[in-house]
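J.: So you can see what is in the structure, the chains are spelled out below.
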Amino acid sequence: MADTEHFFTAAGAHRAGIRSFGNKVLNVVCVALALLTLIPLVSIVFLVLKNGLPLLTPAIFTELPPAAGQAGGGFGNAVVGTFQMVGIALAIAAPLGILSAVYINEYAPTSRLSNTVRFVAKLLTGIPSIICGVFAYAVIVLPKTGLIEAVQGWREGWFRDIALWIVTSLPSGFSAWAGGFALSILMLPTILITAEQALLGVSKAYREASYGLGATRFQTIWRIVLPDAVPAIMTGIMLSVARAAGETAPLIFTALFSQFWAQSLNEPTASLSVLIYNFSTLPYEHQQNMAWTASLVLVILVTISNVTAQVVFRKR
Amino acid sequence: MSTLSDEKPAIYRAGSRPGRRSPDLFQVLCWVASVATVATLAWMILQIGQQSWPAIKEFGLGFITGERWIPNRDQYGVLPFLLGTTISSLIALLFALPLGLSIAIFLSEDFLPLPIRQVVRFTVEMLAAIPSVVYGLWGIFVVIPLVQQWGKWLAKTFEDVPVLGVVFDGPARSNSMLTASIVLALMILPTITAISRNALVAVPATLREGSYALGATRWETIFGVLLPTAAPGIVAATILALGRAMGETMAVAMLIGNSDRLTWSLLKPAGTLASKLANEFGEASGIQVNALMYAALLLMGLTLTVNILGELVLRYTQRKTAGIR
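Chains L and U, in that order, are what the protein sequence lines are.
Going by the working numbering, the first sequence runs without a break in its numbering and finishes at 316.
Going by the working numbering, the second sequence runs without a break in its numbering and finishes at 325.
Isolated chain L (complex conformation) (with noise of 0.2 angstroms):
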């Protein structure tokens, strides 16, 4: 009974008071460190701006990288090449992606492949970005070094002329393959995912309905369930094009870096993240600057395809 009826004498008054109090200290301090992580990101988006903005010219994205201690200049082609690279990641991990979901979602739901398909997808989203760089280096740098090697120690001749023009045009080595490779691998989880969670939001009835009409379920796939399921999947392929565009350890010793103007795919190809690495490492002002516009360009880059992923693609 005295404890019901606390709330009446002096003592429970006072109690109830410091309860009182107590939450209210907490709802300030909860608040407070909520709020505090405001100023990380508006100190790096002010940062990003107030250094960026004045060297963002039109001229910026014609030009090469200048040469260390260097003035002017641009980086056109590392703006070329993460777009190349992300390219050549998304024309392997899309439809790889895809497919799989359509797979896990459509054709065997509950199989023991699909089970594991879903699991081998979170521990890939897992994995650290640098694995996957390392991975297309001992898949696709390695075998191209290791293979010149062998032919170089060969007889001289023609043949081994050949042989050496053969083996240093194979799609490898230090390259935007290599780098698109190791992209792809960090993009597939994200796709598979989102793609899953697209097919799983179709409606039961369109499918039923078309299975009621007679399509076969090839038909009814192709016809019906993934159009209609192509907004949500586009939404992961912009969120992963937002990722892998940002992504700098996957290619760092798989694309390298270049100076100049990439002649093809098959050379060290420049990028934008790796510019930033290289450039704010440098002692000069003017590289530091231009590390700080290439993260403005990166960081609208990877805004849009984020806001096209959200708005855009989203209908649902």
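Please note: incorrect hints may appear among the correct ones.
Said to hold, decoys possible - Between beta-carbon pairs, the in silico distance windows are: (1) L:LYS50 <-> U:LYS152: 24 to 34 angstroms; (2) L:LEU36 <-> U:GLU159: 24 to 34 angstroms; (3) L:TYR284 <-> U:SER285: 27 to 37 angstroms; (4) U:PHE95 <-> L:LEU164: 49 to 59 angstroms; (5) L:PHE21 <-> U:ASP110: 17 to 27 angstroms; (6) U:ILE287 <-> L:GLY201: 24 to 34 angstroms; (7) L:PHE21 <-> U:GLU209: 17 to 27 angstroms; (8) L:ASN289 <-> U:GLY62: 39 to 49 angstroms; (9) L:ALA209 <-> U:PHE95: 50 to 60 angstroms.
As the list claims (entries may be wrong) - To give an idea of the chain L side of the interface with chain U (calculated C-beta under 10 angstroms), a few residues: (10) SER20; (11) VAL45; (12) GLN70; (13) ILE185; (14) ARG217; (15) ALA242; (16) ILE276.
What the hints assert, rightly or not - Here are the simulated EDC-like pairs of lysine to aspartate or glutamate, each with C-alpha atoms no more than 20 angstroms apart in a straight line: (17) L:LYS24 <-> U:GLU220; (18) L:LYS24 <-> U:GLU311; (19) L:LYS24 <-> U:GLU283; (20) L:LYS122 <-> U:GLU220; (21) L:LYS144 <-> U:GLU311.
The hints are simulated quantities; they were obtained by calculation from the structure and are not laboratory data.
Glycine included, each C-beta is placed from N, C-alpha and C at the ideal position.
Put chain U on the given structure of chain L with help from the hints.
T.: Frame of chain L, contents of chain U only:
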């Protein structure tokens, strides 16, 4: 989502009844893609394992306990980097966990009107979208000067304190474990916030109402009911964020100072497995490549283990909250 997948099989089974339709070409294509996806992970593990085999044979377990990394003398030990990866991630977690949890609580409660909460939520999502190199660049120009100021003070203040004296051992440098950890904390904040928030939102409203009905204040309800119920989800968030922190490369490589020395001081340059890979792979040759592959294998094993653990906890959580409902 769970309700959707629960009703799913019936209709599909109708379509895939044996003998009704033979597999078409498209199905085969999709099957091949699925197998290829699974094979990718297996191929990664095999390929990196195979490339690191010469180094595993050569150095064995001494590679893990070795304190020196001197490619010129073919001497390879990753202990400093292994510790660097572990310590920098744990310190980052130490910063990010209270902050991330506060934001998660803030987002799931109604302290401030919805528009403000949405701004905070958008901010956290933006933090997740900013590329790692941009964090690194920002760290160079903002966090490094800060640590430069405070590091000296920390080193001087804790000089004679038993444990902290080692942790804050001077002379303080700006490219240090502390700098990298602070930026790492920001980078894993979105992961912690998003998963913890989901766990908090999933707590049934009846539990909260029951607590309020018994006369508990808001924070008594949060500490007594909401957090304990959401605990497994928060643990999962922490573990997954740890995995992310361990694999984070570029920002760390730009800020940690890339030293090969073993150190326990947060104010001195250090290195992580990932930053070591980033710095050396481009120019590596011979057995050095194999040693780096061995280091990559360790990093992959470490992050895979942590992620599987986090995923298992998350699944356990989902089963458990489903039970409460």
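J.: The structure should be examined with respect to each hint, and the outcome stated for every one.
T.: Against the structure, the hints:
With their beta carbons about 28 angstroms apart, LYS50 of chain L and LYS152 of chain U fall inside the hinted range of 24 to 34 angstroms. For the hinted restraint 24 to 34 angstroms between LEU36 of chain L and GLU159 of chain U, the CB-CB distance of approximately 30 angstroms keeps it satisfied. Checking the proposed 27 to 37 angstroms range against TYR284 of chain L and SER285 of chain U shows it holds: the Cβ atoms sit about 30 angstroms from each other. A hinted range of 49 to 59 angstroms for the beta carbons of PHE95 of chain U and LEU164 of chain L is consistent with their spacing of about 54 angstroms.
The beta-carbon spacing between PHE21 of chain L and ASP110 of chain U, approximately 20 angstroms, falls within the hinted interval of 17 to 27 angstroms. As the Cβ distance of ILE287 of chain U to GLY201 of chain L is approximately 51 angstroms, the hint placing it in 24 to 34 angstroms is violated. The supplied range of 17 to 27 angstroms is met by PHE21 of chain L and GLU209 of chain U, whose beta-carbon atoms lie about 24 angstroms from each other. A beta carbon spacing of about 46 angstroms between ASN289 of chain L and GLY62 of chain U agrees with the range 39 to 49 angstroms that was offered as a hint.
In this structure, ALA209 of chain L and PHE95 of chain U meet the distance hint of 50 to 60 angstroms, their C-beta atoms being roughly 54 angstroms apart. Hint status for SER20 of chain L relative to chain U: holds, with the closest Cβ pair at about 7 angstroms, below 10 angstroms. Using the Cβ-Cβ criterion of 10 angstroms, the hint placing VAL45 of chain L at the interface with chain U is satisfied: the shortest such distance is roughly 8 angstroms. The interface hint given for GLN70 of chain L is broken, as the beta carbon of that residue sits about 20 angstroms from the closest beta carbon of chain U, more than 10 angstroms.
Evaluation of the ILE185 of chain L hint against chain U yields a held restraint, the C-beta minimum of about 6 angstroms falling below 10 angstroms. The closest approach between the C-beta of ARG217 of chain L and any C-beta of chain U is roughly 5 angstroms, which is under the 10 angstroms cut-off, so the hint is satisfied. Given hint, ALA242 of chain L at the interface with chain U, holds; its Cβ is 6 angstroms from that chain's nearest Cβ, closer than 10 angstroms. Hint status for ILE276 of chain L relative to chain U: holds, with the closest Cβ pair at about 4 angstroms, below 10 angstroms.
With a C-alpha separation of about 12 angstroms, the suggested pair LYS24 of chain L and GLU220 of chain U falls inside the 20 angstroms cut-off, and the hint holds. Only pairs whose Cα atoms come within 20 angstroms are accepted, and LYS24 of chain L paired with GLU311 of chain U is rejected, the gap being roughly 36 angstroms. Distance hint between LYS24 of chain L and GLU283 of chain U is unfulfilled; the C-alpha atoms sit about 58 angstroms from each other, more than 20 angstroms. A distance of roughly 36 angstroms separates the Cα atoms of LYS122 of chain L and GLU220 of chain U; the hinted pair therefore is violated under the 20 angstroms criterion.
Restraint check: the Cα-Cα separation between LYS144 of chain L and GLU311 of chain U comes to about 38 angstroms, which exceeds 20 angstroms; the hinted pair is violated.
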